[in-house]
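Required output: the full structure, derived from the provided sequences and hints.
There are 2 protein chains.
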Amino acid sequence: MTAANDSTPTRRRGRRPAGEDTRTALVEAARAVFAESGFDGATVRAIAARAGVDAAMVNHWFGGKEGLFTKAVLRVPFDIDEVLESVTAGGPENMGENMVRTFVSRWDGAGGEYFVALIRSVTSHDDALETLKKVLVSRILNAVAAHAGSDRPELRAALCATQMIGLGMTRYVARLEPVASADIETLVPTVAPTLQRYLTGDLGDLA
Amino acid sequence: MTAANDSTPTRRRGRRPAGEDTRTALVEAARAVFAESGFDGATVRAIAARAGVDAAMVNHWFGGKEGLFTKAVLRVPFDIDEVLESVTAGGPENMGENMVRTFVSRWDGAGGEYFVALIRSVTSHDDALETLKKVLVSRILNAVAAHAGSDRPELRAALCATQMIGLGMTRYVARLEPVASADIETLVPTVAPTLQRYLTGDLGDLA
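Order-wise, the sequence lines are chains C and G.
The opening position of the first sequence corresponds to residue 1 in full-length UniProt numbering, with each subsequent residue numbered one higher.
The opening position of the second sequence corresponds to residue 1 in full-length UniProt numbering, with each subsequent residue numbered one higher.
Accuracy of the hints is not assured; some may be wrong.
Stated by the list, open to error - Derived lysine-lysine pairs resembling DSS-like cross-links, with alpha carbons at most 30 Å apart: (1) K134(C) - K65(C); (2) K71(C) - K133(C); (3) K133(G) - K134(C); (4) K71(C) - K134(C); (5) K133(C) - K134(G); (6) K133(C) - K65(C); (7) K133(G) - K65(G); (8) K133(G) - K133(C); (9) K133(G) - K71(G); (10) K71(G) - K134(G); (11) K134(G) - K65(G); (12) K65(C) - K65(G).
What the hints assert, rightly or not - To list a few chain G residues with every Cβ distance to chain C over 12 Å, as calculated: (13) G112; (14) T170; (15) R171.
Quick caveat, the hints were computed from the structure, so don't treat them as lab data.
Cβ atoms here follow ideal geometry from the backbone N, Cα and C, with glycine treated the same way.
Structure (structure tokens):
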């Protein structure tokens with residue numbers, strides 16, 4: 001984790017300058033409101049109210065709703081290198097299990113709202129899709145697939161994307177039971193073998 | 001296929017009454033425009049222009065944009081019984097492969113726009129999520145899992161949902177290569193074993 005991580009809990013409030021507090025509160029509130037309402041449905045007033053600050057602070061610190069959206073949703077709220085390390089550290093044969101653990105534990109924290117906000121913004125912002133593709137796939141899954149060392153790494157990364165995007169959609173957006181409420185120890189033995197096969201297994205006879 | 005299927009090609013135009021032609025053209029145009037722009041971004045004018053009819057026809061036949069959305073996106077454009085038959089007819093051991101073939105062949109046709117329109121409307125319409133959950137999961141995947149005859153059918157249906165929703169998101173919404181352009185004979189050997197395991201395989205040691 002980097003010190004600048006946006007999802008750091010705000011317990012250290014007393015040691016921060018007030019401006020940073022306000023910005024952190026607005027970013028966290030924005031993620032929640034964008035997740036609930038999407039970009040078009042979210043209002044500056046609702047975000048400021050949830051953060052407990054004056055609506056004028058949104059313009060002051062972010063130049064408006066669009067700027068706040070960029071900061072809260074289009075910038076990734078976790079350290080990509082740390083995610084990569086967490087998925088790959090156990091070697092190729094444990095990547096499936098580590099991928100489920102790493103993503104679901106982050107998404108279940110502050111990241112769940114981030115994931116939902118990103119998906120719900122796909123309509124209004126082509127950038128939201130590009131973020132999903134560039135960060136989840138290009139920077140994380142392609143690197144994991146390269147570490148796995150198997151043939152056709154691009155196809156393997158994209159197949160992992162189908163499972164991880166679908167898991168996120170089902171658990172956080174559609175909230176479909178029993179996947180929505182399943183604890184991580186239920187998800188690991190069910191979903192990890194899929195990812196493990198996509199990364200290092202036999203993909204069948206392709207032309 | 002039922003005769004009333006909305007995705008029936010419009011070649012039989014000469015044999016239909018003009019009103020039905022107009023409605024079919026508007027529904028098809030609406031699906032395309034909602035897929036591109038989401039509900040909020042789509043205008044009656046744009047839909048009517050794409051259908052080649054006067055914008056007043058939207059109010060005349062559907063009572064406005066909301067009514068047209070209900071007809072074009074919230075009502076499922078395929079015969080659910082026929083989909084179920086196609087997935088289950090080969091018996092439990094072929095359901096994974098048949099699920100990929102059945103869904104991808106329908107989505108690659110007119111259904112791709114339908115899927116994208118549904119996903120892009122999640123922000124504006126809670127109904128869109130309910131449709132995804134009720135039709136894809138409750139009516140199709142739960143029935144398939146019941147046919148498969150294994151333990152924990154609800155969990156198995158939801159796991160199939162993670163893979164199928166993720167495959168649809170990756171291929172049609174994110175358009176991530178090489179999954180976006182892969183032909184069905186590439187997708188079947190890669191993805192079908194996942195679905196087959198979710199339906200009839202070992203899901204690991206659960207508490």
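Evaluated hints:
no.	hint	verdict
1	K134(C) - K65(C)	23 Å, holds
2	K71(C) - K133(C)	17 Å, holds
3	K133(G) - K134(C)	28 Å, holds
4	K71(C) - K134(C)	16 Å, holds
5	K133(C) - K134(G)	28 Å, holds
6	K133(C) - K65(C)	23 Å, holds
7	K133(G) - K65(G)	23 Å, holds
8	K133(G) - K133(C)	25 Å, holds
9	K133(G) - K71(G)	17 Å, holds
10	K71(G) - K134(G)	16 Å, holds
11	K134(G) - K65(G)	23 Å, holds
12	K65(C) - K65(G)	27 Å, holds
13	G112	15 Å, holds
14	T170	5 Å, violated
15	R171	8 Å, violated
The structure fails to meet hints 14 and 15 from the earlier list, while all remaining hints are met.
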